[in-house]
Structures are given as C-alpha cells and as structure tokens.
Amino acid sequence: MNRIDAAFDRLRSEGKKAFVAYVAAGDPNFDESLKIIQGLADAGADVIELGLPFSDPLADGIVNQMAAERALKAGMSTPRSLDLIREFRKTHETPIVLFTYLNPIFTYGFEKFHADAAAAGADGILLLDLPPDEAKLNADLAKGEGLKHIRLIAPTTPDARVPLLAGDAEGFIYALSRTGVTGGHGAPSQDIASQVARITPHTKTPICVGFGITTPEQARMVAQAGDGIIVGSAIVKQIELHPERAAEAVREFTTPLIEACKSA
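Here the sequence shown stands for residues 1 to 264, where the numbers follow this note's numbering.
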C-alpha cells in the first residue's frame, strides 16, 4: 500500500486528523534540510510536502519564493532533491509528497521523473500548474505512474468542476481555505466547513485544508472541518528567521500545531 493511503487509514482508525507539513527541499542547505524533515517526522507530522526548488514559483508567496532561492543558491536541484528523499528513507517512513511545477518535471522527463521519484521513496506529487484535464490531452503527460496525484480545489473552483477534480484525486485533496498565493493570508477562512462540504459528496479521498494556519488555535479549528490540515509558509518562515538552528526552530514551532491538530 502507498504510504499516503496507509497513513490516512491509520489516522481514520485512530479517529485523528492528519498534519501535513511543507518545506522546500534544500532550504537552507542539503544537510540542514534533511534534519528538518527528519525532525518533522519525529514530531508527528503525518505527511511531508517537499517543494522542489524552482526559479519561477508563481503560486508561492514571498516566504516560499525566498526558500526556493536559498535552496537553489545552496546547490539544490531536482536530482539532489531525490537524493534528499533517499537519505530520509534510510531512517523514516513518513509519506512524502513532491510540491512542484510542470517545467522542472517536463525538463527532467515526465515519465522518468515519476519512476525515479518513486524509486527514491516519494509517494505523491502535486503539480500546481497542470490541470488533470489538460494532462489527459497530452500523451507525454499521461504517463505519470508510481506517485499519487494530489489535486487542488480552491474556493473559486466552479461547482461544476469539483466532481472532475475530486473524482480522480489520489492520496488526499488539498483544499485551499482562501484564494491567492501561499503565505498571503493572516488567518484561515471562516467558510472552511462549507468549502469541504461541497467536495465531500464527490470523493472518498481525504480532504486536507491549507493556507493561513499559523497558531494552534487555528490548527484545531481547521482540523475539525476536514480530514487534516496543511501548514507551509509559517514553518518555512522559521527557517528564514533561524538559519543557524533551523531544524530545532521548526520542531519547536510545529510541535504545538501538531498537538492541536491531533486534539481536534
């Protein structure tokens, strides 16, 4: 069984919600990045979203853009990101979802990347700028096997389109609590429950909500609406603020959020 499916099956049996943590691969450097994702797994993160450093992360706000820039300056690349996963797999089994854009994957070779990433120990992929219906129109982009394809559903997604996105979603659905780029919000939307409710009838895939979660209180509130929560920019900000002790700072910040999520 894919690690993502196994994790959500376990959480469902325990009556708990998932905590999904995002960081950029190689931020602030390879060795510290490895310590960060190991620390997140040890702290209880159920899934780790690993952003592949890319020069034009159009869906990301300034916090995650700067993380990608730090990683690139430290020598990270798509192949090195796979090396990072291989190192992580020597000690941990926490599921990893690659958070990325089409350009670096297409350049690497779409089918080859899926095979190599799965062999390295990745479990899923979220391609931010590749709608599933567009992928089906291109034979080269329809050959992605080995990784679960995570789908995004936003508040602005038309109701008629929700069944298409939710129906073929794998692993979990990333439900945005607000529109805009990552890290551009002071708090989650108050309409999360209704947003989740319009997705639920169309899928049995778990629904995790992200965008704007920075406090344990927000984590608990959002976790009550769906099957889990996703925290990204607030974690990445800790790396920016504490580069000399990034792994420790990330774990200190994230632990209360994980505890709040699990108590929802």
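Heads up, a few of these hints could be off.
DSS-like mimics (lysine-lysine), calculated; alpha carbons at most 30 Å apart, straight line [claimed, not checked]:
{"#": "1", "residue 1": "K136", "residue 2": "K73"}
{"#": "2", "residue 1": "K35", "residue 2": "K204"}
{"#": "3", "residue 1": "K237", "residue 2": "K16"}
{"#": "4", "residue 1": "K35", "residue 2": "K143"}
{"#": "5", "residue 1": "K136", "residue 2": "K112"}
{"#": "6", "residue 1": "K16", "residue 2": "K262"}
{"#": "7", "residue 1": "K16", "residue 2": "K136"}
{"#": "8", "residue 1": "K16", "residue 2": "K35"}
{"#": "9", "residue 1": "K73", "residue 2": "K90"}
{"#": "10", "residue 1": "K143", "residue 2": "K237"}
{"#": "11", "residue 1": "K16", "residue 2": "K143"}
{"#": "12", "residue 1": "K204", "residue 2": "K237"}
{"#": "13", "residue 1": "K112", "residue 2": "K262"}
{"#": "14", "residue 1": "K112", "residue 2": "K73"}
{"#": "15", "residue 1": "K143", "residue 2": "K262"}
{"#": "16", "residue 1": "K90", "residue 2": "K136"}
{"#": "17", "residue 1": "K73", "residue 2": "K262"}
{"#": "18", "residue 1": "K112", "residue 2": "K90"}
{"#": "19", "residue 1": "K73", "residue 2": "K16"}
{"#": "20", "residue 1": "K73", "residue 2": "K204"}
{"#": "21", "residue 1": "K237", "residue 2": "K136"}
{"#": "22", "residue 1": "K112", "residue 2": "K143"}
{"#": "23", "residue 1": "K204", "residue 2": "K143"}
Cβ pair distances, simulated, as ranges [unchecked claim]:
{"#": "24", "residue 1": "E248", "residue 2": "N103", "range": "12 to 22 Å"}
{"#": "25", "residue 1": "T200", "residue 2": "E93", "range": "42 to 52 Å"}
{"#": "26", "residue 1": "E69", "residue 2": "T107", "range": "13 to 23 Å"}
Source of the hints: derived by calculation from the structure; they are not laboratory data. Think of the CB as a built atom: it goes at the ideal place given N, C-alpha and C, for glycine as much as any other residue.
Hint check results:
1. A C-alpha spacing of about 35 Å is found between K136 and K73, which places the hinted pair above 30 Å, so the restraint is violated.
2. A distance of roughly 34 Å separates the Cα atoms of K35 and K204; the hinted pair therefore is violated under the 30 Å criterion.
3. Between K237 and K16, the direct Cα distance comes to roughly 27 Å. Compliance with the 30 Å bound is thereby established for this hinted pair.
4. Of the pairs offered as hints, the one joining K35 and K143 is violated, with about 33 Å between alpha carbons and a cut-off of 30 Å exceeded.
5. A threshold of 30 Å between alpha carbons decides the hint, and for K136 with K112 the separation of about 18 Å falls inside it, so the pair holds.
6. Taking the CA atoms of K16 and K262, the gap is near 6 Å; set against the 30 Å cutoff, the hint holds.
7. Proximity of K16 to K136 is assessed by CA-CA distance (about 35 Å); at most 30 Å being required, the pair is judged violated.
8. For the proposed pair K16 and K35, the alpha carbon gap of about 26 Å is at most 30 Å, so the pair holds.
9. At most 30 Å may separate the alpha-carbon atoms for a hinted pair to count; K73 and K90 meet this at roughly 26 Å.
10. The suggested pairing of K143 with K237 is violated, with an alpha-carbon distance near 35 Å, which exceeds 30 Å.
11. For the proposed pair K16 and K143, the alpha carbon gap of about 34 Å is over 30 Å, so the pair is violated.
12. Using a Cα cut-off of 30 Å, the hinted pair K204 and K237 is violated, with the two alpha carbons roughly 33 Å apart.
13. Annotation: proposed proximity of K112 to K262 is violated, straight-line Cα distance about 37 Å (limit 30 Å).
14. With a CA separation close to 25 Å, the supplied pair K112 and K73 stays within the 30 Å bound.
15. A C-alpha spacing of about 37 Å is found between K143 and K262, which places the hinted pair above 30 Å, so the restraint is violated.
16. The straight-line distance between the Cα atoms of K90 and K136 is roughly 35 Å, outside the 30 Å bound, and the hint therefore fails.
17. Annotation: proposed proximity of K73 to K262 is violated, straight-line Cα distance about 36 Å (limit 30 Å).
18. For the given pair, K112 sits about 23 Å from K90 by alpha-carbon distance, which is consistent with the 30 Å threshold.
19. For a cut-off of 30 Å, the pair hint linking K73 to K16 is broken: about 39 Å separates their Cα positions.
20. Proposed proximity of K73 and K204 is contradicted: the alpha carbons are some 41 Å apart, above 30 Å.
21. Proximity of K237 to K136 is assessed by CA-CA distance (about 36 Å); at most 30 Å being required, the pair is judged violated.
22. For the given pair, K112 sits about 9 Å from K143 by alpha-carbon distance, which is consistent with the 30 Å threshold.
23. For the given pair, K204 sits about 24 Å from K143 by alpha-carbon distance, which is consistent with the 30 Å threshold.
24. Separation of E248 from N103 is about 34 Å and departs from the stated range, judged on CB atoms against 12 to 22 Å.
25. A C-beta distance of roughly 29 Å is found between T200 and E93, which places it outside the suggested range of 42 to 52 Å.
26. For E69 and T107, the Cβ-Cβ distance of about 19 Å falls inside the hinted range of 13 to 23 Å, so the restraint holds.
Checked against the numbered hints above, the structure breaks hints 1, 2, 4, 7, 10, 11, 12, 13, 15, 16, 17, 19, 20, 21, 24, 25 and satisfies the rest.
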